[in-house]
Structures are given as C-alpha cells and as structure tokens.
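Asker: Sequence:
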Amino acid sequence: EVGAGKSVLLDHRAGTATGCHVVRAAGVEPEADIPYACLQQLCAPVLGHLDALPEPQRDALTTAFGLSEGEPPQPLLLGLAVLGLLAEAATERPLVCLVDDMQWLDRMSETILTFVARRLDAESVALVFARRGEASAGLPELLVPGLPDADARDLLASVVPGPIDARVRDRIIAETGGNPLALLELPRGLTSTELAFGFGGHSRSPLAGRVESGFQRRIEALPADARTLLLTAAVEPVGNVSLLWRALAVLGVDP
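Residue 222 in my numbering is what sits at position 227 of the sequence shown, and the numbering runs on without skipping anything.
Since the hints were made in silico from the structure, they are not lab data.
Be careful, since some hints might not be right.
Restraint-style ranges between C-beta atoms, simulated for each label pair [unchecked claim]:
1. Pro218 with Gly43: 43 to 49 Å
2. Ser208 with Asp165: 30 to 36 Å
3. Gly10 with Val163: 33 to 39 Å
4. Val139 with Val233: 30 to 36 Å
5. Leu246 with Leu4: 35 to 41 Å
6. Val23 with Leu134: 18 to 24 Å
Here are the simulated EDC-like cross-link-like pairs (lysine to aspartate or glutamate), alpha carbons at most 20 Å apart as the crow flies [said to hold, decoys possible]:
7. Lys1 with Glu129
8. Lys1 with Asp96
9. Lys1 with Asp28
10. Lys1 with Glu180
11. Lys1 with Asp146
12. Lys1 with Asp144
13. Lys1 with Glu207
14. Lys1 with Glu136
Please read these numbers as outputs of a predicted model, since none were measured by experiment.
Glycine included, C-beta positions come from ideal geometry on N, C-alpha and C.
Could you build all of it, start to finish, from the sequences and the hints given here?
Answerer: And the structure:
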C-alpha cells in the first residue's frame, strides 16, 4: 500500500548492486496514457547498444521511441528488441533495472516489460518492479506488509518527542497497520494530548488521505512566502531551478 516502503526497498537494491549498471524508471499518472513512456525512460541509458541488435528489432525500438519513421511495431518484435537490448547492455557488467510505481505505467510499457521479465534466463539482467495492489501475473512477488510491532514501536519512538503511553502507542500502531510512512508523518505537529487519542480516533478515511492531511497541516503552518515557494515548485514542470527563481521573483519571493 501507499507508504509501505516500496521505493525505499528499490533504493536499497540500487545501493547494494555493487559492480552493476543500475537503470531506473517510474510510472507517473500523467503519462499513463502515453504509449512506451516508461519503457523509453528505462531504455534510454542503454540505447548505445542498439547497433548490436538485428535490424528488425532495431527498427522496432527506434520507431517506438520516435527516433525513426515507420508503422507502430508489433508487441512481440518490440518485446524481443527490449530483451535483446538489455542483454547486450549486460555483457559489459550485470544490469539491474528498477521500475517504481508500476501501477501508473502506460499499458504498452507494462506489457513489454512483463514480457521481458518472464523471458530472462541466462542474461545477467535483474528486473525489479514495485507497485500498489496485485503483482503482474506470472512474476515472482514479494508482498510488503506493515512493520512488525517491535520495529513499528522503534520507528514511532524516533519521531514522537517525549514518552508515550503504551496503550496509546499500541493503538497508533494498530491504526497505521505498521505503515512506515504513516508512523513517520502522522505524529508530526501533534501535541501529547492529541496523540493520546490516536490519529483521529475512529476515522474511516483511507490511510493515504490521512497522511496527505498531515502534509497539509504542516504546510499550513509555514509562513506565506514558504507556502508560495512550495506551490510554485509543485507546478514548475521540469525541475528548472532558474525558471523557478524567475517565477518566484515575479511573485515577490526572494531567496
């Protein structure tokens, strides 16, 4: 579920992939209707190996990614092309491919990547997907549940100032189901008295919504200029820092 730590697990895998070439991609909701969007993101760092592919596979990839003109490639040919491309990239050193937020992949990227994952055999390639909900059919899966009680208690204690009544602590852990993000974020800004009633008593709102409400509460406590900066950064489309500061200057917010 949201906040279970899927992205952190991918970060851990990247950090321990010693001697490997790590490439990463992530699904994003606005690109869910753009064919091959995530596939292009994952393959871009290894496109230097295109010339090693058979011509039909090479043409399929370059057409799918808009590098050449042609009819949309057949999924089977494109899947074999991606499998070949990753295998070629792994001849230099093992290749680790990490894909986050798979639930937001465009349909064609998910189809091709699961096709490739099911056909990895002797290649020195690892494909690891993280997604909410059910895993893709036919792939090995590792469910990521909430933290065990002992670990959840330690994590909660790391963000709650001062002592906390054992019954209140246990109720909070039960309410969050040991969800790490909820344990880290929901206590922020709450007084000891507010914590004594858990995170909203018997609230039925989804955990993700309650975490977002916690973010909103923290944002509302910021000065007006800081809130303007956050909002401007949120709508700035490409991470262009110069553009961000020019926009803030127009809005009257200085460094």
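Asker: Which hint numbers does the structure go against, in order from smallest to largest?
Answerer: 2, 9
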